[in-house]
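Q: Each chain, written out:
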Amino acid sequence: MVYLDNLNRDEKLPLMKLAVAQYVIVALLLVLVSGLWRLQVLGAQNYRALAEQNRVRKVPILAPRGRLFDREGRVLVDNYPSVSCFLVREQGRDMTADLPLIARGLHMEVEQLESILRRYRTAPIYQPLPLKQDLSPDEQAFIEAHLNELPELETIDEQRRLYPRDNFAAHLIGYVGEVSEDMLNDSKYAYYMPGDVVGKSGVEETYDQILRGRDGSRDVVVDSHGREVGRLGKEPAVGGQNLKLTIDNDIQRAAELALGDRNGAIIALDPRTGEVLAMVSHPSFDPNAFAIRIHRGEWNKLITDPDHPLMNKAIQAQLAPGSTFKIIMATAGLEEGIAQTLHVNCTGGASFYGRYFKCWIPHGGHGSTAITKAIYQSCDVFFYTLAERLGIGKISKWAHLLGLGQKTGIDLPGEVAGVMPSEEWKLKNYHEKWYAGETISVGIGQGAVAATPVQLARAIGGIASGGVLKRPHILMLGEVPNEYRPALLENFAGSGDQIVPLDPVNWEIITDAMSQVPNPEGTAPSAHLEGIDFAGKTGSAQVVSNAAKSRLGGGKALRDNAWFVGVTPRRNPEIVVSTLMEGGEHGKLAGRVAAMVIEAYVNKQRKQENNLLEAKQPPAPVEVGAVWSETPSVAGVTTPLGGGHFFLPPGSGQSPLPGKSAASVAMRLP
Amino acid sequence: MRRFLSFRDFDWVLLGLVLLLSVISVAEIYSATLHTKFVGFHKTQIIWLMAGLVGMFGLSVVNYHRLIDYVHYAYGVSILALLAVMVAGTKVLGARRWIKLPGGIHFQPSEWVKLILIVAVARYFTNLTGRDLTWGDIFKGFALVGLPMLMVLKQPDLGTALTYIPILLCGLFLGGIRWKQAAILGLAGAIAVGGAWYSGKVLKPYQKARLTSFVNPDNDPKGSGYQIRQSLIAVGSGGIWGKGATKGTQTQGDFLPIPYTDFIFAAFCEEHGFVGAVAVLLIYFFILMRLIQNAQTAADLSGTFLVMGVVAVLIFQIAVNVGMVVGLMPVTGIPLPLMSYGGSSVLFTFLALGMVMNVRMNRFVN
Numbered sequence: 001m002v003y004l005d006n007l008n009r010d011e012k013l014p015l016m017k018l019a020v021a022q023y024v025i026v027a028l029l030l031v032l033v034s035g036l037w038r039l040q041v042l043g044a045q046n047y048r049a050l051a052e053q054n055r056v057r058k059v060p061i062l063a064p065r066g067r068l069f070d071r072e073g074r075v076l077v078d079n080y081p082s083v084s085c086f087l088v089r090e091q092g093r094d095m096t097a098d099l100p101l102i103a104r105g106l107h108m109e110v111e112q113l114e115s116i117l118r119r120y121r122t123a124p125i126y127q128p129l130p131l132k133q134d135l136s137p138d139e140q141a142f143i144e145a146h147l148n149e150l151p152e153l154e155t156i157d158e159q160r161r162l163y164p165r166d167n168f169a170a171h172l173i174g175y176v177g178e179v180s181e182d183m184l185n186d187s188k189y190a191y192y193m194p195g196d197v198v199g200k201s202g203v204e205e206t207y208d209q210i211l212r213g214r215d216g217s218r219d220v221v222v223d224s225h226g227r228e229v230g231r232l233g234k235e236p237a238v239g240g241q242n243l244k245l246t247i248d249n250d251i252q253r254a255a256e257l258a259l260g261d262r263n264g265a266i267i268a269l270d271p272r273t274g275e276v277l278a279m280v281s282h283p284s285f286d287p288n289a290f291a292i293r294i295h296r297g298e299w300n301k302l303i304t305d306p307d308h309p310l311m312n313k314a315i316q317a318q319l320a321p322g323s324t325f326k327i328i329m330a331t332a333g334l335e336e337g338i339a340q341t342l343h344v345n346c347t348g349g350a351s352f353y354g355r356y357f358k359c360w361i362p363h364g365g366h367g368s369t370a371i372t373k374a375i376y377q378s379c380d381v382f383f384y385t386l387a388e389r390l391g392i393g394k395i396s397k398w399a400h401l402l403g404l405g406q407k408t409g410i411d412l413p414g415e416v417a418g419v420m421p422s423e424e425w426k427l428k429n430y431h432e433k434w435y436a437g438e439t440i441s442v443g444i445g446q447g448a449v450a451a452t453p454v455q456l457a458r459a460i461g462g463i464a465s466g467g468v469l470k471r472p473h474i475l476m477l478g479e480v481p482n483e484y485r486p487a488l489l490e491n492f493a494g495s496g497d498q499i500v501p502l503d504p505v506n507w508e509i510i511t512d513a514m515s516q517v518p519n520p521e522g523t524a525p526s527a528h529l530e531g532i533d534f535a536g537k538t539g540s541a542q543v544v545s546n547a548a549k550s551r552l553g554g555g556k557a558l559r560d561n562a563w564f565v566g567v568t569p570r571r572n573p574e575i576v577v578s579t580l581m582e583g584g585e586h587g588k589l590a591g592r593v594a595a596m597v598i599e600a601y602v603n604k605q606r607k608q609e610n611n612l613l614e615a616k617q618p619p620a621p622v623e624v625g626a627v628w629s630e631t632p633s634v635a636g637v638t639t640p641l642g643g644g645h646f647f648l649p650p651g652s653g654q655s656p657l658p659g660k661s662a663a664s665v666a667m668r669l670p
Numbered sequence: 001m002r003r004f005l006s007f008r009d010f011d012w013v014l015l016g017l018v019l020l021l022s023v024i025s026v027a028e029i030y031s032a033t034l035h036t037k038f039v040g041f042h043k044t045q046i047i048w049l050m051a052g053l054v055g056m057f058g059l060s061v062v063n064y065h066r067l068i069d070y071v072h073y074a075y076g077v078s079i080l081a082l083l084a085v086m087v088a089g090t091k092v093l094g095a096r097r098w099i100k101l102p103g104g105i106h107f108q109p110s111e112w113v114k115l116i117l118i119v120a121v122a123r124y125f126t127n128l129t130g131r132d133l134t135w136g137d138i139f140k141g142f143a144l145v146g147l148p149m150l151m152v153l154k155q156p157d158l159g160t161a162l163t164y165i166p167i168l169l170c171g172l173f174l175g176g177i178r179w180k181q182a183a184i185l186g187l188a189g190a191i192a193v194g195g196a197w198y199s200g201k202v203l204k205p206y207q208k209a210r211l212t213s214f215v216n217p218d219n220d221p222k223g224s225g226y227q228i229r230q231s232l233i234a235v236g237s238g239g240i241w242g243k244g245a246t247k248g249t250q251t252q253g254d255f256l257p258i259p260y261t262d263f264i265f266a267a268f269c270e271e272h273g274f275v276g277a278v279a280v281l282l283i284y285f286f287i288l289m290r291l292i293q294n295a296q297t298a299a300d301l302s303g304t305f306l307v308m309g310v311v312a313v314l315i316f317q318i319a320v321n322v323g324m325v326v327g328l329m330p331v332t333g334i335p336l337p338l339m340s341y342g343g344s345s346v347l348f349t350f351l352a353l354g355m356v357m358n359v360r361m362n363r364f365v366n
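Read top to bottom, the protein sequences are chains C and W.
667 is the number that my numbering gives to position 667 of the first sequence; each next residue is one higher, with no gaps.
357 is the number that my numbering gives to position 357 of the second sequence; each next residue is one higher, with no gaps.
Chain C extracted, bound-state conformation (with noise of 0.2 Å):
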């Protein structure tokens, strides 16, 4: 082929040519509608939802949690307003260029925050993490000021946790605290998200999933730096229910008080219903350092106490009840027909199955014994005696039918069963068989025995009742929704609510000798209150049990634990009152303490039917100075004081189930 010159055209090779680049070119436009395709068509949806993503920021809306009322509808635990802070992570944008700043500004450390990261992870990227809660007011400035440079930062308004002062009822409150990770991973809890507020013990641990009520949550739309640029729907959230507890305040304030400083536990309830009136753990600690992450220091330090401060002893510590007992082997005695024809002769001992059992009262013993003497003395020779009669069987099968060695199914979490022995028991856990003499020791509430006040307040309140007992609560009946119930029952199992067939005519030699515990020629006449028909039994346990020695780490030094459960009146009380006082030597010691939780209620009651007697006629001057108790009788009534139903004459009980015999009503309530 011939060029003539540059100006000469030849048209083939270019035409060619000129063709092949047309092809070239819609080649590659054709490539690029195809990925157009793959995007905007095949792609569409789910780019879209990446898109919405993006721009679309879920803020939550905390539900503040539902407050405790105490039974008269006093405020127990309230929520005060506060301020959170969290970080809002972003697909790739990183953050750790911000960290040395935030710390400054929300005076917390680098480490911290990188921890916080580091914990989160694998949690999705739109999820917020928790920093900080309870900010400061200089510290929400410091976001304020900073909305620009730290779009990541975010507060949400929040109504916190307050509890009362002084670790008031702490245990049976409980506390709240961050969701733990191990809980975020339990499918369990599903519902939990990261930096959710969790009842962690106690009612907040229960009650939790009707206390929490539902966060809500607000979407709005976010430019790429995290501002916000609009708003779109709203979810509302929804308050956790308020919740009134059994708890009186008057009862708890008097029971915190009877027990001072000193370790052990009370817990007060009106057998008639199984309604705890005031439960105490002592030492305690204050749930308000938990309402905020609680510092490190001050955990280790509630963790590794040796008193066990988180530790709710009222239904955690499972202990020997000692004499306490009593009262049970005395049922189960008089109830097989065994003890009312009892007699001993106690010297200071006696020897069973070729070994030597000691009473309390060593030397002299307290001669010619039978049942009424025996249990206020509390003689141990007797209840070896009849211990021995009893045969291990027969105790065990009453002390279980009395709700020992099982849970009560309080409505609190943690609840221990404690132990009762038995030949099977023993057969099962230690593979050996049951020795007669073991069954001596358990007569008077030690070897393997062990209780806890709980089971004791449940057991003793019951056998005063007549053999009705009620499944302890700490909830108002009524206040939990019907579809928690099942659930409730389910988690809290227990004895519940149970009648055991007692003979009235045992139930009043039970009772009567019970109330000759606090009096002169009984075991707690320290315990007396003038006026008051307050009958009890004294406990002094020399061991603890071996599984409660190894739970409690041995170190300490085991002096005897003080056991004390009273009632008032007598029968049918309307509240009985076990006390529990660790290395308190004496049960007449825990009987004082228990005294004094009784002597409050009774005279509450008093004052409120005074209270009901004067609104009824008007109110007549009084002196400055004047006590209530010098107001003058009323028509009908025969002093201030009274005619109160605490002054109960001895034999004027009642069966509590009239016209039946006990043992026809020998079935479970439903």
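No lab work stands behind these hints, which were simulated from the structure alone.
There could be a bad hint or two in this list.
[Stated by the list, open to error] One side only, chain W facing chain C, incomplete, derived with CB under 8 Å: (1) F255; (2) I258; (3) C269.
[Stated by the list, open to error] Over 10 Å on every C-beta distance to chain C, these chain W residues come out as not near it, computed from the model: (4) D9; (5) G58; (6) A143; (7) L147; (8) T246; (9) I292; (10) G327.
Here a beta-carbon is modelled for each residue, glycine too, at the ideal position from N, C-alpha and C.
Once you've looked at the hints, dock chain W against the given chain C.
A: Chain W only, in chain C's frame:
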């Protein structure tokens, strides 16, 4: 052989297509800058378009042979300008690309070099027609384009430097390179690219990251991977019909990077969907076909070379830019001609079209 030039011979169809695209561009720039501090850029763009139109008409009456005759001066000035940038250029974001001229105008020589290279390559290869290309011819061609290209690469401005390559390839292709030579060159090119990649001297690490992150955007979610990811989300979420003008969440929410320049097509795709995107590509298709027709009807080979040089640059930029937006190409910072905001890009395109117009108007000159 001076003949009368008539604007009746002006390519009004081409101009119409170009103006249509310009209107779309202005609208999208308006939408993409609506909620940013760049609001009002569409007005600036209109001014650039006006200037471009003036330049286009101006250049369209300048005989392209004249341009070819004097291109060696322009080439020399270009090299000097690029040298000036290297020495005294304004440093923006670590790259020296601009020279500050009196009056506050920032002059970016690398865009103009593109235009001059088109003319220079046209002249060089036109003179070589009539015989097969020798290796010497090829290497001279490489040197012609390679010198300014390396200087631009040094700035560093990878994107603009890359646009010089299609000018050379187009020249070689039309100038009559043989298959064997093309194959050898292809192989050598591959080796050179590989060597440059691994030597670490030619490309900076961020450039490399940009080039590779399109394959898997999540490898580099903070940098260019983020850009690509956001671009894909923008394009994909537009769907078939788009979200509507000024309604693109990716664009308006500032998730899409620079939605008025390099990623303007992503913004357009988000707001106008697959239908709108294909329509724009169709307009490009018609423009390119029209240009090739003009190349075909050119009075002489130099005219064909000129027009095809413009075509090569345009299709390259379209393919690379749209390819980048849809995730088929790496992020190179190449603007989309006639769509992206920016004076240099607008002026280059319109001046190039001015040359094409002149080639067309001279098509009956012989």
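Q: Determine for every hint whether it applies to the structure shown.
A: Quick rundown of the hints versus the structure:
The criterion of a C-beta within 8 Å of any C-beta in chain C is met by W/F255, whose closest approach is roughly 4 Å, and the hint holds. Interface hint at W/I258: violated, since its Cβ lies 12 Å from the closest Cβ of chain C, which is beyond the 8 Å cut-off. The interface hint given for W/C269 holds, since its Cβ lies 7 Å from the closest Cβ of chain C, which is under the 8 Å cut-off. The Cβ of W/D9 lies farther than 10 Å from every Cβ of chain C, with a closest approach of about 18 Å, so its non-interface assignment holds.
For W/G58, the non-interface assignment is confirmed: its Cβ lies about 25 Å from the closest Cβ of chain C, beyond the 10 Å cut-off. With a least beta-carbon separation of about 22 Å from chain C, W/A143 lies farther than 10 Å from that chain, consistent with its non-interface assignment. No Cβ of chain C comes within 10 Å of the Cβ of W/L147; the nearest lies about 25 Å off, and the non-interface call holds. Under the 10 Å C-beta cut-off, the non-interface status given to W/T246 relative to chain C holds; the minimum distance is some 14 Å.
Not every CB of chain C is more than 10 Å from the CB of W/I292 (nearest about 5 Å), against its label as outside the interface. With 10 Å as the threshold on Cβ separation, the claim that W/G327 sits away from chain C is violated: the shortest Cβ distance comes to roughly 7 Å.
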